Structures are given as structure tokens and as C-alpha cells.
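Chemist: Here are the chains, one letter per residue:
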Amino acid sequence: ETGVTQTPRHLVMGMTNKKSLKCEQHLGHNAMYWYKQSAKKPLELMFVYSLEERVENNSVPSRFSPECPNSSHLFLHLHTLQPEDSALYLCASSQRLAGLSYNEQFFGPGTRLTVL
Amino acid sequence: AQSVTQPDIHITVSEGASLELRCNYSYGATPYLFWYVQSPGQGLQLLLKYFSGDTLVQGIKGFEAEFKRSQSSFNLRKPSVHWSDAAEYFCAVGSASNYQLIWGAGTKLIIKP
Chain A
1 ETGVTQTPRH LVMGMTNKKS LKCEQHLGHN AMYWYKQSAK KPLELMFVYS LEERVENNSV
61 PSRFSPECPN SSHLFLHLHT LQPEDSALYL CASSQRLAGL SYNEQFFGPG TRLTVL
Chain B
117 AQSVTQPDIH ITVSEGASLE LRCNYSYGAT PYLFWYVQSP GQGLQLLLKY FSGDTLVQGI
177 KGFEAEFKRS QSSFNLRKPS VHWSDAAEYF CAVGSASNYQ LIWGAGTKLI IKP
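Residue numbers (the working numbering), protein chains in the order written: chain A, 1 to 116; chain B, 117 to 229.
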């Protein structure tokens with residue numbers, strides 16, 4: 001595997017289900033990101049894990065819960081979602097250097113989530 | 117406020133014609149600028165980036181972009197488009213002190229045969 005991989009590629013779930021999205025990066029990067037992509041809207045940054053620091057967008061509902069067990073893996077745990085959460089969820093990684101940040105981000109193919 | 121504007125939601129060009137996609141930004145720090153492309157059902161792929169130096173940057177797939185500080189613009193160009201260039205294009209801005217990117221809403225490129 002190379003680059004950034006995401007599983008599953010497609011997910012359909014009911015509002016009462018619990019599921020998780022998985023992301024793995026094979027680039028040796030030390031920062032990972034979750035984005036939400038909805039039609040006709042800019043990419044929405046949900047969470048960042050960088051150098052063991054977690055940054056989150058305060059507007060993200062608590063029904064989304066990230067987990068980053070190590071620098072190569074990132075999860076997004078989903079529970080009691082709403083239909084408006086249907087979107088493409090993208091994972092990305094980048095290399096962050098101490099005192100300097102290069103923002104070039106590498107993206108996975110995304111998980112297309114549909115909430116019924 | 118920090119923002120990126122891509123004024124064209126859709127652009128249609130004929131195959132073989134030239135292309136320019138516009139990107140304007142508002143950003144408080146010295147910007148790092150990026151163009152990404154997203155094909156249907158795929159993630160985003162980096163086309164090119166500007167950090168410093170020569171304001172005309174070359175990217176993959178024959179694309180180039182020019183940074184114009186006075187106009188706060190970073191427009192993407194290609195002299196002759198191919199049907200495979202049909203995709204959505206995103207402009208983004210960041211900086212050395214902030215690893216988070218500000219994204220435009222994207223421009224969808226449609227190629228006419």
C-alpha cells in the first residue's frame with residue numbers, strides 16, 4: 001500500500017448505528033486530518049492530530065469522535081448520526097516540522113457516507 | 117477574515133482550448149498557496165504549490181499557476197486542455213505558522229468534445 005488509504009470506501013448506516021472510518025498513511029508523516037466534503041461547500045476541517053496534539057473544529061458535533069492511536073492510523077467513530085451528516089469524509093496527512101509547517105497535504109480517496 | 121474565493125462554480129471549455137481558473141485569497145500572513153484536483157469518486161491530488169521564489173510555478177499534468185501578491189491571486193492555467201482534465205479544482209492557502217489550510221469552494225471543469 002502506498003500513500004493514504006481509507007476504509008470503507010462506501011458506508012450506509014442508520015441513525016442508530018455505530019460505525020468507524022479508518023485511515024492509514026504510509027508516508028511517514030506526523031500529522032493527520034479528517035475533512036468533511038459536502039456538495040458546493042468548501043472542505044470542512046473536522047480534526048487534526050499533529051505531533052501528538054489534537055485540534056478540533058468546535059462546530060463538529062460530538063457524534064463524531066476521532067482516535068489516533070499512532071502517527072500512521074486515524075479513526076473516526078460515528079454514532080447516532082443525522083441525515084445531514086451524509087457526505088464524503090476525507091483523510092489527509094502531512095509532515096509538520098518543529099517551528100515550521102509545510103502544509104502540503106496528501107489525501108486518501110475518501111469514504112462516501114450515507115445516513116438513512 | 118481569512119478566506120479563499122473561487123468565483124467560478126463551473127467552467128466549460130472545448131478540448132484543446134486554453135484554461136484559466138481563478139483564485140483570490142485574503143490572508144494575514146505570507147501565504148503558501150496550493151491547487152488540488154479531484155476526479156469523481158476520488159480524493160484530492162496536489163497539482164502545484166507556491167511557497168516562495170519564482171512566482172510562476174509549474175505543476176503536474178501541464179498546469180501552471182502565477183502568484184500575484186498585489187492582486188492576492190493565484191490563478192491556474194493550462195495552454196491546452198484534454199478531456200481527462202474534467203474534474204473539480206480547489207485552491208487553498210496556508211502559512212509557515214499554521215498547518216491548517218483555508219479552502220476555496222472549488223471550480224468544476226467541464227470539457228466539450
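Be aware that a few hints might be false.
Claimed, not checked - The calculated SDA-like cross-link candidates involving lysine to any residue, where the alpha carbons are at most 20 Å apart (straight line), are:
| # | chain 1 | residue 1 | chain 2 | residue 2 |
| --- | --- | --- | --- | --- |
| 1 | B | K165 | A | K18 |
| 2 | A | K36 | B | I125 |
| 3 | A | K40 | B | K177 |
| 4 | A | K40 | B | T223 |
| 5 | A | K18 | A | L97 |
| 6 | B | K177 | B | A145 |
| 7 | B | K177 | B | A117 |
| 8 | A | K36 | B | K177 |
| 9 | A | K40 | B | E131 |
| 10 | B | K165 | A | F106 |
| 11 | A | K41 | B | K177 |
| 12 | A | K19 | A | P83 |
To be verified - What follows is a list of derived Cβ distance ranges for each label pair:
| # | chain 1 | residue 1 | chain 2 | residue 2 | range |
| --- | --- | --- | --- | --- | --- |
| 13 | A | G28 | B | S155 | 24 to 34 Å |
| 14 | B | S200 | A | E44 | 35 to 45 Å |
| 15 | A | L97 | B | I176 | 33 to 43 Å |
| 16 | A | S20 | B | G144 | 35 to 45 Å |
| 17 | B | E182 | A | S62 | 42 to 52 Å |
| 18 | A | S72 | B | S200 | 24 to 34 Å |
| 19 | B | H126 | A | E52 | 21 to 31 Å |
| 20 | B | H126 | A | P83 | 21 to 31 Å |
| 21 | B | P123 | A | S72 | 37 to 47 Å |
| 22 | B | S188 | A | N57 | 42 to 52 Å |
| 23 | B | S213 | A | E44 | 37 to 47 Å |
Said to hold, decoys possible - One side only, chain B facing chain A, incomplete, derived with CB under 8 Å:
| # | residue |
| --- | --- |
| 24 | Y141 |
| 25 | Q158 |
| 26 | G159 |
| 27 | K177 |
| 28 | G178 |
| 29 | Q216 |
| 30 | L217 |
Simulated from the structure, these hints should not be mistaken for lab results.
The structure displayed is predicted, hence computed values, not measured ones.
Heads up, the beta-carbon is just placed ideally off N, CA and C, and yes, glycines get one too.
Chemist: Next, verify each hint and record whether it holds.
Modeler: For each hint, the structure was consulted:
1. K165/B to K18/A: Violated: K165/B and K18/A sit about 39 Å apart, past 20 Å.
2. K36/A to I125/B: holds (19 Å)
3. K40/A to K177/B: Status violated; Cα separation ~25 Å.
4. K40/A to T223/B: The given pair, whose Cα atoms are some 9 Å apart, holds under the 20 Å limit.
5. K18/A to L97/A: violated (35 Å)
6. K177/B to A145/B: Measuring from Cα to Cα gives roughly 29 Å; hence the hint is violated.
7. K177/B to A117/B: violated (33 Å)
8. K36/A to K177/B: violated (27 Å)
9. K40/A to E131/B: Distance ~25 Å between K40/A and E131/B Cα, so the pair is violated.
10. K165/B to F106/A: The hint holds at about 13 Å.
11. K41/A to K177/B: Between K41/A and K177/B the Cα gap is close to 26 Å, so the pair fails against 20 Å, i.e. violated.
12. K19/A to P83/A: Holds: K19/A and P83/A sit about 15 Å apart, inside 20 Å.
13. G28/A to S155/B: 24 to 34 Å: holds (26 Å)
14. S200/B to E44/A: 35 to 45 Å: Violated - the Cβ-Cβ distance for S200/B and E44/A, about 28 Å, lies outside 35 to 45 Å.
15. L97/A to I176/B: 33 to 43 Å: Hint violated: Cβ distance 24 Å, outside 33 to 43 Å.
16. S20/A to G144/B: 35 to 45 Å: This hint holds: roughly 37 Å between Cβ atoms.
17. E182/B to S62/A: 42 to 52 Å: holds (43 Å)
18. S72/A to S200/B: 24 to 34 Å: holds (32 Å)
19. H126/B to E52/A: 21 to 31 Å: Distance hint for H126/B, E52/A is violated at roughly 42 Å.
20. H126/B to P83/A: 21 to 31 Å: Taking Cβ atoms as reference, H126/B and P83/A lie about 26 Å apart, which means the hint holds.
21. P123/B to S72/A: 37 to 47 Å: Given about 39 Å between the Cβ atoms, the range holds.
22. S188/B to N57/A: 42 to 52 Å: For N57/A against S188/B, whose Cβ atoms are near 25 Å apart, the range 42 to 52 Å is violated.
23. S213/B to E44/A: 37 to 47 Å: violated (22 Å)
24. Y141: This hint is violated: Y141/B lies away from chain A, its Cβ roughly 12 Å from the closest one there, beyond 8 Å.
25. Q158: holds (6 Å)
26. G159: Holds, about 4 Å.
27. K177: Cβ of K177/B sits 16 Å from chain A, so the hint is violated.
28. G178: This interface hint is violated because 20 Å lies over the 8 Å limit.
29. Q216: Since the shortest Cβ distance to chain A is 6 Å, the answer is holds.
30. L217: Since chain A brings a Cβ to about 6 Å from L217/B, closer than 8 Å, the hint holds.
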